[in-house]
Amino acid sequence: MSTVTKNEKLELEFIDLTFKGMGVAKVDGFPVFVEGVLPGEKAVVKIDRVTSRYAFGELVELKSRSSERVEVKAKHQSLTSIAPLQHISYEKQLEFKTKLVKDALSKEGFTDVEVRETMASPLDWHYRNKTVIPVRSIDKKMVTGILDRKTRHLVPVDNFKMNNEGIDEIVTKVKDILVEFNEKPYDQRTHTGNIRHIIVRKGFYTDEVMITIVTRSKSLFPVSKIVPAIIDAIPNTVSIIHNVNGAKTAQVMGDLSEVIYGESFIVERILDESFLVPSTSFLRANTLQSEAMINTIFGLLNLEGNESVVDVNSSVGILSILMADKVKRIVGIDVVDDNVEIAEVNAENNGVSNVKFVQGHPGNVNELIEFSPQVVVVDSPRETVENIAALNSDKIVYIGGDIAKMTQDLGCFIESGYKLEVVQPVDMAPQTTQVESICLLSK
Numbered sequence: 001m002s003t004v005t006k007n008e009k010l011e012l013e014f015i016d017l018t019f020k021g022m023g024v025a026k027v028d029g030f031p032v033f034v035e036g037v038l039p040g041e042k043a044v045v046k047i048d049r050v051t052s053r054y055a056f057g058e059l060v061e062l063k064s065r066s067s068e069r070v071e072v073k074a075k076h077q078s079l080t081s082i083a084p085l086q087h088i089s090y091e092k093q094l095e096f097k098t099k100l101v102k103d104a105l106s107k108e109g110f111t112d113v114e115v116r117e118t119m120a121s122p123l124d125w126h127y128r129n130k131t132v133i134p135v136r137s138i139d140k141k142m143v144t145g146i147l148d149r150k151t152r153h154l155v156p157v158d159n160f161k162m163n164n165e166g167i168d169e170i171v172t173k174v175k176d177i178l179v180e181f182n183e184k185p186y187d188q189r190t191h192t193g194n195i196r197h198i199i200v201r202k203g204f205y206t207d208e209v210m211i212t213i214v215t216r217s218k219s220l221f222p223v224s225k226i227v228p229a230i231i232d233a234i235p236n237t238v239s240i241i242h243n244v245n246g247a248k249t250a251q252v253m254g255d256l257s258e259v260i261y262g263e264s265f266i267v268e269r270i271l272d273e274s275f276l277v278p279s280t281s282f283l284r285a286n287t288l289q290s291e292a293m294i295n296t297i298f299g300l301l302n303l304e305g306n307e308s309v310v311d312v313n314s315s316v317g318i319l320s321i322l323m324a325d326k327v328k329r330i331v332g333i334d335v336v337d338d339n340v341e342i343a344e345v346n347a348e349n350n351g352v353s354n355v356k357f358v359q360g361h362p363g364n365v366n367e368l369i370e371f372s373p374q375v376v377v378v379d380s381p382r383e384t385v386e387n388i389a390a391l392n393s394d395k396i397v398y399i400g401g402d403i404a405k406m407t408q409d410l411g412c413f414i415e416s417g418y419k420l421e422v423v424q425p426v427d428m429a430p431q432t433t434q435v436e437s438i439c440l441l442s443k
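Here full-length UniProt numbering is used: the first residue of the sequence shown is 1, the next is one more, and so on.
What the hints contain is simulated information worked out from the structure, not anything from laboratory work.
It is possible that some hints are incorrect.
Stated by the list, open to error - Capping the alpha-carbon separation at 25 Å, the derived lysine-lysine pairs in DSS-like fashion look like this:
#: 1; residue 1: K20; residue 2: K150
#: 2; residue 1: K248; residue 2: K141
#: 3; residue 1: K107; residue 2: K130
#: 4; residue 1: K107; residue 2: K42
#: 5; residue 1: K150; residue 2: K173
#: 6; residue 1: K184; residue 2: K140
#: 7; residue 1: K405; residue 2: K356
#: 8; residue 1: K173; residue 2: K184
#: 9; residue 1: K63; residue 2: K73
#: 10; residue 1: K107; residue 2: K20
#: 11; residue 1: K42; residue 2: K26
#: 12; residue 1: K328; residue 2: K107
#: 13; residue 1: K328; residue 2: K443
#: 14; residue 1: K63; residue 2: K46
#: 15; residue 1: K92; residue 2: K20
#: 16; residue 1: K326; residue 2: K248
Claimed, not checked - Using C-beta positions, here's what the derived DEER-type ranges look like:
#: 17; residue 1: P235; residue 2: D272; range: 33 to 39 Å
#: 18; residue 1: S219; residue 2: D402; range: 35 to 41 Å
#: 19; residue 1: N364; residue 2: E58; range: 48 to 54 Å
#: 20; residue 1: N392; residue 2: H153; range: 20 to 26 Å
#: 21; residue 1: N392; residue 2: N349; range: 19 to 25 Å
#: 22; residue 1: F181; residue 2: D48; range: 39 to 45 Å
#: 23; residue 1: R49; residue 2: I231; range: 30 to 36 Å
Just so it is clear, CB atoms sit at the ideal spot from N, CA and C, and this is done for glycine as well.
With the hints as constraints, model all of the structure from the sequences given.
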């Protein structure tokens, strides 16, 4: 039963963090969750919501500070929960993520397994190679920023701290050009205006830039002037895409896209090989950590060169192609036709002949291959994994970003006779509570 009331101010001592990074205090055993507070700290908080099992509060004043507290770099992001761990030292963030994974596994009975320390990102700020920025009208001016998590109103921001160097400046330049040519920002309340989002993907190694402008209507005028202005302001632009999203929802992109300049992709280098990456294809946003993840997978598998491999959810074929010289053959499976076509081009461009890509649903994987694989790699599956387990491979590498689904899928593999050998958490998104895990299973 609650012993706190709404709007009450309390001085509390915090003892733990939730999986979302909120500080935890207790009042006569009743949990109170507050953002921005660390274990060991004392703070005055104002209770703003009370349920039958717990309460939420807002930080009013810190009375004591943890030695793990660091200066907040992106204060605007405190309003959005985009960087909920930014007040915690990076070393402590890594410990927090290791504990998240260990606790989730232990809760599901995975106690006899090696869980390694979370792999640190080479960059803990400015690590993202892609950004999706909403556009709104404030005081009749076009503004870019971040949506407030509570009000969903736009918080004006022009330095996002998370993006690779140069991306924030590109967003600002595109916005200014759209203003120059009298384009109007979208108003979600009235479904008027036109510019909804500016999306930028930038090659970490190649510096190539892809810009996607999302509009409410099919018009983006005058294209004949907007495109040259963007090219002049951002010379490394290789692709400009106009996407139309007329839906009265919060979704980012619509189904209709048109390339209005250059190609439909950028080229990025991963572990010294080049890959075409279209605007809608999956590419992890942290390039340097993606390379570290791939090398970790190779190290865990300890490949001998005679293995037949299936890569489930292969996207544009990056992992398959980089693994090709380490195995006998590999088949990449992806549900998206365009991904398969690009993956085939990437294989040809990289001179790889022992890789094949197949379009199909991962749930039908046993019908899509013509051999019994020794190794299966499955990346962030949305569906159940029974059919993958039924392939009866010697080893499985499972990559999971949703901890709850990961433990459920690992349980399915265990029921099929596999043993969970190693779990390697990977910090792909510093300052956030997100953590990916590479899991090695064997028979």
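Hint-by-hint comparison with the structure:
For the hint pairing K20 with K150, the CA-to-CA distance comes to about 16 Å; that is within 25 Å, so the pair holds. Taking the CA atoms of K248 and K141, the gap is about 22 Å. The hint holds against a cut of 25 Å. Using a Cα cut-off of 25 Å, the hinted pair K107 and K130 is violated, with the two alpha carbons roughly 35 Å apart. A hinted pair counts as satisfied when its Cα atoms are at most 25 Å apart, and K107 with K42 does not qualify at roughly 29 Å.
With a C-alpha separation of about 29 Å, the suggested pair K150 and K173 falls outside the 25 Å cut-off, and the hint is violated. With a C-alpha separation of about 9 Å, the suggested pair K184 and K140 falls inside the 25 Å cut-off, and the hint holds. Using a Cα cut-off of 25 Å, the hinted pair K405 and K356 is violated, with the two alpha carbons roughly 29 Å apart. Among the hinted pairs, K173 with K184 is consistent with the structure: their alpha-carbon atoms are about 16 Å apart, no more than 25 Å.
Restraint check: the Cα-Cα separation between K63 and K73 comes to about 21 Å, which is no more than 25 Å; the hinted pair holds. With a CA separation close to 17 Å, the supplied pair K107 and K20 stays within the 25 Å bound. Between K42 and K26 the alpha-carbon distance is near 12 Å, which keeps this suggested pair within the 25 Å criterion. As the CA atoms of K328 and K107 are separated by approximately 39 Å, the hinted pair breaks the 25 Å bound.
A hinted pair counts as satisfied when its Cα atoms are at most 25 Å apart, and K328 with K443 qualifies at roughly 20 Å. A distance of roughly 14 Å separates the Cα atoms of K63 and K46; the hinted pair therefore holds under the 25 Å criterion. Note on K92 and K20: the hinted pairing holds, with a Cα-Cα distance of about 14 Å set against a maximum of 25 Å. Between the alpha carbons of K326 and K248 the distance comes to roughly 49 Å, so the proposed pair goes past 25 Å and is violated.
Checked against the hint of 33 to 39 Å, the pair P235 and D272 fails, with Cβ atoms roughly 25 Å apart. For the pair S219 and D402, the supplied restraint of 35 to 41 Å holds, since their beta-carbon distance comes to about 39 Å. In this structure the hint that N364 and E58 lie 48 to 54 Å apart at CB holds, the actual value being about 49 Å. The given range of 20 to 26 Å is broken by N392 and H153, whose C-beta atoms sit roughly 53 Å from each other.
A hinted range of 19 to 25 Å for the beta carbons of N392 and N349 is inconsistent with their spacing of about 34 Å. A beta carbon spacing of about 44 Å between F181 and D48 agrees with the range 39 to 45 Å that was offered as a hint. A C-beta distance of roughly 50 Å is found between R49 and I231, which places it outside the suggested range of 30 to 36 Å.
The structure shown violates the earlier hints numbered 3, 4, 5, 7, 12, 16, 17, 20, 21, 23.
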